[in-house]
Amino acid sequence: MIASVAVVGHQNNPLYLQSFTNANDALKLHHIVHCSLDVIDERVNNPKRSVSTLNESYLGLLYPTESYKVYGYLSNTKAKFLVVTTDLDVKDADIRSFFRRFHAAYVDAVSNPFHVPEKKIVSRTFAQRVSGIVKAFAAGTNG
Amino acid sequence: MSLVAVFAEFRRDWAEALRFYEEAYRALREETVVNKGLMIATSTRLPPVQRLVEIRAVAEQLFFKISTLLLHGGKVEEAIAWFNRHFNSYKHLVGLDEVSFLHWDWLSRQFLVFAELLETSSAAIPNTLSSHFGTPESSLTEWEIQPAYYYQLAANYLREKRYCLDNLLSTGDSEFSRTSGKVPESVMPSVFIGQSARLVEQGDMIEVLPLSDAEYVQYALSEAQRFQDSYEIIALFRKACESFTNLKAPRLASLCSNRMAKEYFFTEDFTDAKKLFDTVSSLYRQEGWVTLLWESLGYLQECSIRLDSAKDFIEYSLEMASLPIFANGDQEIPDSKREYGPAGLPSQSRREALQSEVLSLVRGEEIVSRTDRGCSIAVTKEQPVRIDVDIISPLRMVLLVSVAFHDQSVKPGSPVMFTLSLVSQLPCSIEVDELEIEFNQPKCNFIIINAVEEISAARSNGDNQDVRIETAPSIVLPTNKWLRLTYDVKSDQSGKLECLSVTARIGKSFKICCQAESPASMEDLPFWKFEGMVQTFPTKDPVLSFSGQKVIQVEEPDPEVDLILNASSPALVGESFVVPLTVIPRGHEVYSGELKINLVDARGGGLLMSPRETDPFSSGNHHVELISISRMGDDDESRIHSDKIKKIQQSFGVVSVPDLRVGDKWSCKLEIKWHKPKSVMLYASLGYSPNSAEAARVNVHRSLQIEGKIPISITHTFMMPFRREPLLLSKVKSLPGADQNVYLALNETSILIVTARNSSEVPLRVKSMMIQSNSNKNETPYSIQHVGGVSADDSLLVPGGEFKGVFSVRPKIDSPNLELGSVCLNWNRDLTLSDSEDSGVVTEQKLPAVIVEQSPLVVSLEFPPHAILGIPFLFYIKVSNQTNLLQEIKYSLGDTQSFVFCGPHDNAGFILPKMEYVMSYKLVPLCSGSQQLPQATITSLRYSAALNPSVTATTIFVYPSEPNFFVADNEKETILAKLNL
Chain P
0 MIASVAVVGH QNNPLYLQSF TNANDALKLH HIVHCSLDVI DERVNNPKRS
50 VSTLNESYLG LLYPTESYKV YGYLSNTKAK FLVVTTDLDV KDADIRSFFR
100 RFHAAYVDAV SNPFHVPEKK IVSRTFAQRV SGIVKAFAAG TNG
Chain L
0 MSLVAVFAEF RRDWAEALRF YEEAYRALRE ETVVNKGLMI ATSTRLPPVQ
50 RLVEIRAVAE QLFFKISTLL LHGGKVEEAI AWFNRHFNSY KHLVGLDEVS
100 FLHWDWLSRQ FLVFAELLET SSAAIPNTLS SHFGTPESSL TEWEIQPAYY
150 YQLAANYLRE KRYCLDNLLS TGDSEFSRTS GKVPESVMPS VFIGQSARLV
200 EQGDMIEVLP LSDAEYVQYA LSEAQRFQDS YEIIALFRKA CESFTNLKAP
250 RLASLCSNRM AKEYFFTEDF TDAKKLFDTV SSLYRQEGWV TLLWESLGYL
300 QECSIRLDSA KDFIEYSLEM ASLPIFANGD QEIPDSKREY GPAGLPSQSR
350 REALQSEVLS LVRGEEIVSR TDRGCSIAVT KEQPVRIDVD IISPLRMVLL
400 VSVAFHDQSV KPGSPVMFTL SLVSQLPCSI EVDELEIEFN QPKCNFIIIN
450 AVEEISAARS NGDNQDVRIE TAPSIVLPTN KWLRLTYDVK SDQSGKLECL
500 SVTARIGKSF KICCQAESPA SMEDLPFWKF EGMVQTFPTK DPVLSFSGQK
550 VIQVEEPDPE VDLILNASSP ALVGESFVVP LTVIPRGHEV YSGELKINLV
600 DARGGGLLMS PRETDPFSSG NHHVELISIS RMGDDDESRI HSDKIKKIQQ
650 SFGVVSVPDL RVGDKWSCKL EIKWHKPKSV MLYASLGYSP NSAEAARVNV
700 HRSLQIEGKI PISITHTFMM PFRREPLLLS KVKSLPGADQ NVYLALNETS
750 ILIVTARNSS EVPLRVKSMM IQSNSNKNET PYSIQHVGGV SADDSLLVPG
800 GEFKGVFSVR PKIDSPNLEL GSVCLNWNRD LTLSDSEDSG VVTEQKLPAV
850 IVEQSPLVVS LEFPPHAILG IPFLFYIKVS NQTNLLQEIK YSLGDTQSFV
900 FCGPHDNAGF ILPKMEYVMS YKLVPLCSGS QQLPQATITS LRYSAALNPS
950 VTATTIFVYP SEPNFFVADN EKETILAKLN L
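For the protein sequence lines, the chains are P and L, in the order given. If you read the first sequence in numbering that gives the first Met the number 0, its first letter stands for residue 0, the second for the next number, and so on. If you read the second sequence in numbering that gives the first Met the number 0, its first letter stands for residue 0, the second for the next number, and so on.
No lab work stands behind these hints: they were computed from the structure. Idealized CB from N, CA, C, for every residue including glycine. Do not take every clue at face value.
30 Å max Cα-Cα, derived BS3-like pairs, lysine-lysine [claimed, not checked]: (1) Lys480(L) - Lys27(P); (2) Lys380(L) - Lys410(L); (3) Lys708(L) - Lys119(P).
Listed below are several chain L residues computed to face chain P (Cβ distance under 10 Å; list not exhaustive) [to be verified]: (4) Ile144; (5) Ala248; (6) Ser253; (7) Cys901.
Have a look at the derived ranges for each label pair, beta carbon to beta carbon [claimed, not checked]: (8) Met0(P) - Arg337(L): 19 to 25 Å; (9) Lys274(L) - Met0(P): 57 to 63 Å; (10) Ser130(P) - Lys495(L): 39 to 45 Å.
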């Protein structure tokens with residue numbers, strides 16, 4: 000199950016952060032997302048990485064905690080997408096397709112002429128779409 | 000199995016040992032699973048609590064062996080996978096609530112041991128591992144191979160243990176504690192791993208007895224209480240934090256710092272906790288993580304109360320209240336205090352509560368700590384609080400002050416509009432009692448008072464009785480809405496007027512002082528810049544919002560003194576050009592006046608010297624030089640005044656002006672000398688005080704462009720004596736036009752004609768012209784005599800007019816580079832100034848060097864000065880051999896229409912050394928007027944050089960008949976003498 004999704008701007012500021020758990024762990028998830036940015040920095044700036052992985056948006060598993068796993072994705076405009084899951088065994092392909100849809104939703108949201116770049120995404124349509132994608136992901140992995 | 004493994008390890012058969020340890024671990028696991036189901040129901044050898052402790056101890060022992068063997072074998076990935084499996088197998092095996100702290104303690108130990116093992120075998124971690132992170136080939140991530148990751152988790156579980164233990168001790172009503180309240184004595188580890196036993200002395204015999212679970216729990220509790228877990232937790236977090244900082248993972252490091260700070264807070268070490276929370280907060284502020292900052296600020300707020308710092312408490316509370324949090328978190332979630340700390344869940348209502356809390360504090364109420372009811376803070380009159388907000392302070396969200404003058408410059412004494420705009424992001428409106436506006440000119444400071452407040456009360460409070468006080472109907476700042484106040488500001492002091500700060504007073508003892516910002520250069524608000532709120536402008540006028548400045552230039556008052564500079568004509572190079580300067584007070588009196596004179600190149604560049612010349616202090620290097628500034632008039636007093644002149648540089652001078660009243664007049668003259676023709680701007684500025692008491696100075700500036708011109712251009716020409724041509728071999732050989740050298744024959748007299756032309760626009764008088772030798776010796780290698788030209792007795796030279804001087808030059812030595820000295824022309828202006836002394840100006844121009852050589856042959860032509868039509872005359876061509884050699888020459892005379900002649904057309908001849916060869920022709924003129932004699936060509940065979948006499952030398956005037964004119968004898972002699980030289 001997806002616990003939280005986040006979009007982080009290029010100044011490492013949160014643009015969108017949504018938890019999908021009922022438990023009172025929003026702060027914990029915020030900490031997890033914030034700490035995962037270190038891994039993104041490390042991975043993006045690591046000169047040892049192979050060319051094929053360098054040019055890819057999907058950054059893979061970033062950070063396992065005891066009960067969560069964090070996956071990352073970096074757009075060409077340096078917007079960072081993060082997903083925190085409670086499933087400890089998720090298929091790579093599922094996560095990739097999730098990120099593609101999440102990215103597409105983000106692109107649509109920021110294409111709104113009334114949206115100012117680098118400001119928080121407050122669009123309700125975006126939030127609904129992301130919840131839809133999260134639900135579809137849960138259905139896909141369970142099924 | 001484990002015994003076999005130990006034996007294999009003893010034999011150093013690592014693979015075998017590993018296999019058996021793994022086998023043993025699996026067997027234990029199976030037994031654990033079986034046991035788990037029956038744990039409570041069946042009675043095994045040991046009671047359930049101790050049984051679980053034993054299983055964990057054995058598993059730990061086996062896992063320790065396995066991971067040591069794997070890590071020493073370099074199988075890092077496998078070791079980590081094993082660790083994860085080990086953790087997942089046992090993480091849910093918590094046991095009874097009463098002993099859950101044992102589980103967390105055990106888990107923490109697993110992480111700690113594994114971290115230490117990883118640390119000791121870090122050399123075995125291959126470098127290539129890092130390139131695969133995040134790819135499907137690798138299940139590992141960056142931090143999983145770092146001991147810091149495990150240290151941090153060890154600390155987390157230890158924290159969990161402490162929490163469980165504290166809970167247990169605080170409730171203290173567990174089943175075990177009820178059944179037996181006594182801690183058993185002499186408990187020690189049994190011979191078997193993970194088991195404990197009680198020693199009982201019975202006489203001399205010591206008996207080992209098993210413990211009941213209740214006894215064991217009491218024992219474990221008392222043991223756990225003995226340890227100070229907090230110090231261990233802090234040490235582990237510190238270790239992790241330092242490692243993450245070294246690994247350039249600032250966010251993970253700050254998470255560790257955050258946890259460390261919380262632990263310090265728990266141990267009531269508020270100073271250390273505050274220090275760490277402050278560091279952590281700065282990162283969250285920088286990156287705009289509101290929720291994370293909220294949590295840290297909540298702790299900081301509580302630390303401030305406990306440290307009795309009202310100022311810090313207000314700062315943190317105001318920052319929290321102004322954070323962009325809009326969630327409706329009215330319903331308190333249970334356990335939120337543990338999760339979010341003293342601040343609780345971030346929500347709009349909490350923000351509002353915080354604001355009202357702070358406002359009641361500054362208005363005199365007491366605030367009590369949330370964690371310790373005995374601790375409180377208050378703001379009193381004796382200890383007022385003042386908060387400073389600069390442009391990088393996070394408190395800009397609380398109060399942002401933007402100030403703008405409506406103009407860019409203002410006359411002194413005239414009012415200028417000044418708009419003060421304030422905005423606050425606090426969740427509720429805030430009422431300010433007084434605003435104090437501070438400028439760099441203290442006289443302009445003023446205070447705005449909320450009309451509700453009594454002015455008299457405000458006055459009695461303030462120390463500054465003479466400060467201007469304005470009233471505003473109400474100074475209330477609604478959330479995110481600009482409060483704009485416009486007032487007039489008047490400054491009498493010229494220069495920069497800048498609004499420095501605005502201090503808002505709320506209550507009697509609280510002030511918040513904000514650095515004033517210009518709307519044109521205002522930074523975005525932290526945090527709020529990421530919010531998609533409607534952009535508002537500090538001023539109503541959008542132009543002012545984009546370009547308004549907090550600084551205005553107060554101009555100088557208009558001068559009421561005339562400064563007159565005059566220059567009637569262009570300046571001439573070389574002369575001392577006098578510019579009269581007059582100061583006439585019209586409306587102002589002049590006190591402590593100072594006159595500055597500056598000369599600047601009119602075409603820019605500033606300096607009046609050539610850049611190539613290195614020594615700026617030598618007067619010769621200056622193209623234009625200010626020689627002196629002297630007082631006009633003849634009285635003695637003025638002479639004394641002129642002594643006060645302070646001349647600073649060649650292009651800059653300062654002179655003090657005496658005190659002048661209206662109707663007085665003061666003049667001086669500036670003497671400027673041009674060394675090069677240059678256009679110069681003469682700047683004169685008079686600075687004075689219109690009133691002897693005031694320090695404010697008024698400046699009058701005048702400038703005048705003066706052209707510097709060359710007065711006289713001097714040219715010169717060398718000529719051979721009349722009808723005499725020496726053969727100069729190097730001149731003949733040199734290519735025509737290749738060089739401009741002048742060749743002179745040795746020991747022959749040449750004529751030098753110097754022409755001085757007045758190139759200026761003013762008439763000049765030439766006083767003398769002479770050629771000055773450069774060498775100081777008496778014996779010069781040539782002789783120069785002035786033989787004629789226009790009379791030099793003060794001859795007037797009108798603009799464009801020429802003056803010619805004729806000199807005879809006779810070189811005495813053979814030299815390829817003979818310096819002839821320079822032409823010195825002494826002149827002055829025809830219009831002399833009344834008091835200038837008529838000393839004249841000397842213009843000097845160097846003559847170029849000449850080449851002197853011995854001429855082997857000299858040709859001279861002889862014929863009468865004029866001829867008469869039809870009457871024959873004699874024409875001699877004399878060639879003189881100056882050498883000691885026999886010279887062979889050829890000569891020819893061409894035909895012309897104007898003359899018939901008798902004599903050979905072509906002929907040749909020999910000239911003996913030092914002898915002369917004469918060719919004589921008789922010519923009869925056929926035409927009257929100025930006529931050209933037949934062209935004679937003399938060729939020297941020895942030097943292969945031909946010599947043609949010049950056209951002027953072979954021109955004769957032919958009269959139609961005998962002319963009748965009378966020449967007096969004495970004049971005839973003079974003329975002849977001059978011609979013969």
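ask   = Holds or violated: Lys380(L) with Lys410(L), Cα cutoff 30 Å?
value = violated (42 Å)
task = Using the Cβ atoms, figure out if Met0(P) sits within 19 to 25 Å of Arg337(L).
result = holds (24 Å)
request  = Mind checking the alpha carbons of Lys708(L) and Lys119(P) for me, to see if they're no more than 30 Å apart?
outcome  = Violated. Lys708(L) to Lys119(P) sits at ~72 Å, over the 30 Å cutoff.
query = How does the Cβ-Cβ distance of Lys274(L) and Met0(P) compare with 57 to 63 Å: does it lie in that range?
reply = violated (39 Å)
message = So, as I understand it, the hint says Ile144(L) touches chain P; can you test that by seeing if any CB pair is closer than 10 Å?
response = This hint is violated: Ile144(L) lies away from chain P, its Cβ roughly 12 Å from the closest one there, beyond 10 Å.
query = For the hint on Ala248(L), does the least C-beta distance to chain P fall short of 10 Å?
reply = The hint holds - Ala248(L) has a Cβ within 10 Å of chain P, the shortest such distance being about 4 Å.
task = Take a look at whether the Cβ-Cβ distance between Ser130(P) and Lys495(L) falls inside 39 to 45 Å.
result = violated (58 Å)
key: Satisfaction of the Cys901(L) interface hint, Cβ to chain P closer than 10 Å   = Violated - the Cβ of Cys901(L) stays beyond 10 Å from chain P, reaching only about 109 Å at its closest.
message = Restraint: Ser253(L) near chain P, CB-CB cut 10 Å. Satisfied or not?
response = Since the shortest Cβ distance to chain P is 8 Å, the answer is holds.
Hint consistency between Lys480(L) and Lys27(P) [alpha-carbon to alpha-carbon, up to 30 Å] = violated (34 Å)
Figure legend: structure checked against the earlier numbered hints; hints not met, in rising order: 1, 2, 3, 4, 7, 9, 10.
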